[in-house]
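Trainee: Chains as they are written, first to last, in the working numbering: chain A, 1 to 115; chain B, 116 to 226.
I should point out that these hints are in silico values taken from the structure, not numbers from a laboratory.
Misleading hints may appear alongside valid ones.
[Said to hold, decoys possible] Using 20 angstroms as the maximum straight-line C-alpha spacing, the simulated EDC-like pairs for lysine to aspartate or glutamate come out as follows:
id, chain 1, residue 1, chain 2, residue 2
1, B, K124, B, D196
2, A, K44, B, D196
3, A, K15, A, E85
4, B, K130, B, E194
5, B, K188, B, E169
6, B, K172, A, E103
[Unchecked claim] Simulated restraints on C-beta separations:
id, chain 1, residue 1, chain 2, residue 2, range
7, B, F129, A, A20, 41 to 47 angstroms
8, B, N179, A, T102, 20 to 26 angstroms
9, B, Y154, A, A20, 24 to 30 angstroms
10, B, G144, A, E68, 29 to 35 angstroms
11, B, F129, A, N52, 47 to 53 angstroms
12, B, G144, A, Y10, 38 to 44 angstroms
13, A, S7, B, S170, 35 to 41 angstroms
14, B, E169, A, G28, 21 to 27 angstroms
15, A, E68, B, Y211, 14 to 20 angstroms
[Claimed, not checked] If the Cβ cut is set under 10 angstroms, some of the chain B residues that face chain A in the computed set are:
id, residue
16, P133
17, K137
18, E147
19, F149
20, Q157
21, R164
22, H165
23, I166
24, N179
25, K213
26, L214
27, A218
From the three backbone atoms N, C-alpha and C, an ideal C-beta is built for every residue, glycine too.
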Amino acid sequence: EAGVAQSPRYKIIEKRQSVAFWCNPISGHATLYWYQQILGQGPKLLIQFQNNGVVDDSQLPKDRFSAERLKGVDSTLKIQPAKLEDSAVYLCASSFGTGVNTEAFFGQGTRLTVV
Amino acid sequence: AQRVTQPEKLLSVFKGAPVELKCNYSYSGSPELFWYVQYSRQRLQLLLRHISRESIKGFTADLNKGETSFHLKKPFAQEEDSAMYYCALSSSSGGYNKLIFGAGTRLAVHP
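Turn these sequences into a full structure, and let the hints guide you.
Mentor: So, in structure tokens, the structure goes:
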């Protein structure tokens, strides 16, 4: 079934290197989210897009993390330079709208290991 | 502060036993709450939402505003219920809503 697609599934990098993740949301979904899930914790919202505009990036470490959604569809999340504490699963999700009861659909995630 | 607390990291029960996964929240407005589930090797997905007042796969959850809780219950657990369960709160800011997740509880149902 068509769902939120993410790549790569796994990535291992050394600290201070850069890395990028890609997400393709469900067709027609205007809202896109990037979450960080550290082992043993729940997903934490990093950034939320409405079409190609950012509506919430309050928890994004902007000194090293960046994200874009240029055409309001696909999105990339970049980390430069990576730190050991960035090791986590990065989840992309999308939703049709932003209503209070809107369901978010998640991708499989990218597991990042920083060594 | 807006927060979701799931006090149990692991809940282990036998098949046929009742299950209650605890969730407490902190939110200044009128809360909208969800339960998401992640089965082994599958993606995170919605199980149920407070406003629907529905039963999904035998699970129900009642919002208790007095106790600020949204516990997930099932009278008779099945082995296929084994999964990670996340309670989430929809938080409104600047006209947009975002989900705040708890740390999750792993449910293990033994035969």
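Trainee: If a hint holds in the structure, say so; if it doesn't, say that too.
Mentor: These are the hints, each one checked on the structure:
{"no.": "1", "hint": "B:K124 / B:D196", "in the structure": "holds (16 angstroms)"}
{"no.": "2", "hint": "A:K44 / B:D196", "in the structure": "violated (24 angstroms)"}
{"no.": "3", "hint": "A:K15 / A:E85", "in the structure": "holds (9 angstroms)"}
{"no.": "4", "hint": "B:K130 / B:E194", "in the structure": "holds (6 angstroms)"}
{"no.": "5", "hint": "B:K188 / B:E169", "in the structure": "holds (12 angstroms)"}
{"no.": "6", "hint": "B:K172 / A:E103", "in the structure": "holds (18 angstroms)"}
{"no.": "7", "hint": "B:F129 / A:A20: 41 to 47 angstroms", "in the structure": "holds (46 angstroms)"}
{"no.": "8", "hint": "B:N179 / A:T102: 20 to 26 angstroms", "in the structure": "holds (23 angstroms)"}
{"no.": "9", "hint": "B:Y154 / A:A20: 24 to 30 angstroms", "in the structure": "holds (29 angstroms)"}
{"no.": "10", "hint": "B:G144 / A:E68: 29 to 35 angstroms", "in the structure": "holds (31 angstroms)"}
{"no.": "11", "hint": "B:F129 / A:N52: 47 to 53 angstroms", "in the structure": "holds (51 angstroms)"}
{"no.": "12", "hint": "B:G144 / A:Y10: 38 to 44 angstroms", "in the structure": "holds (39 angstroms)"}
{"no.": "13", "hint": "A:S7 / B:S170: 35 to 41 angstroms", "in the structure": "holds (36 angstroms)"}
{"no.": "14", "hint": "B:E169 / A:G28: 21 to 27 angstroms", "in the structure": "holds (25 angstroms)"}
{"no.": "15", "hint": "A:E68 / B:Y211: 14 to 20 angstroms", "in the structure": "holds (18 angstroms)"}
{"no.": "16", "hint": "P133", "in the structure": "violated (24 angstroms)"}
{"no.": "17", "hint": "K137", "in the structure": "violated (14 angstroms)"}
{"no.": "18", "hint": "E147", "in the structure": "holds (5 angstroms)"}
{"no.": "19", "hint": "F149", "in the structure": "holds (8 angstroms)"}
{"no.": "20", "hint": "Q157", "in the structure": "holds (8 angstroms)"}
{"no.": "21", "hint": "R164", "in the structure": "holds (6 angstroms)"}
{"no.": "22", "hint": "H165", "in the structure": "holds (8 angstroms)"}
{"no.": "23", "hint": "I166", "in the structure": "holds (5 angstroms)"}
{"no.": "24", "hint": "N179", "in the structure": "violated (19 angstroms)"}
{"no.": "25", "hint": "K213", "in the structure": "holds (5 angstroms)"}
{"no.": "26", "hint": "L214", "in the structure": "holds (6 angstroms)"}
{"no.": "27", "hint": "A218", "in the structure": "holds (5 angstroms)"}
When each numbered hint is compared with the structure, violations occur for hints 2, 16, 17, 24.
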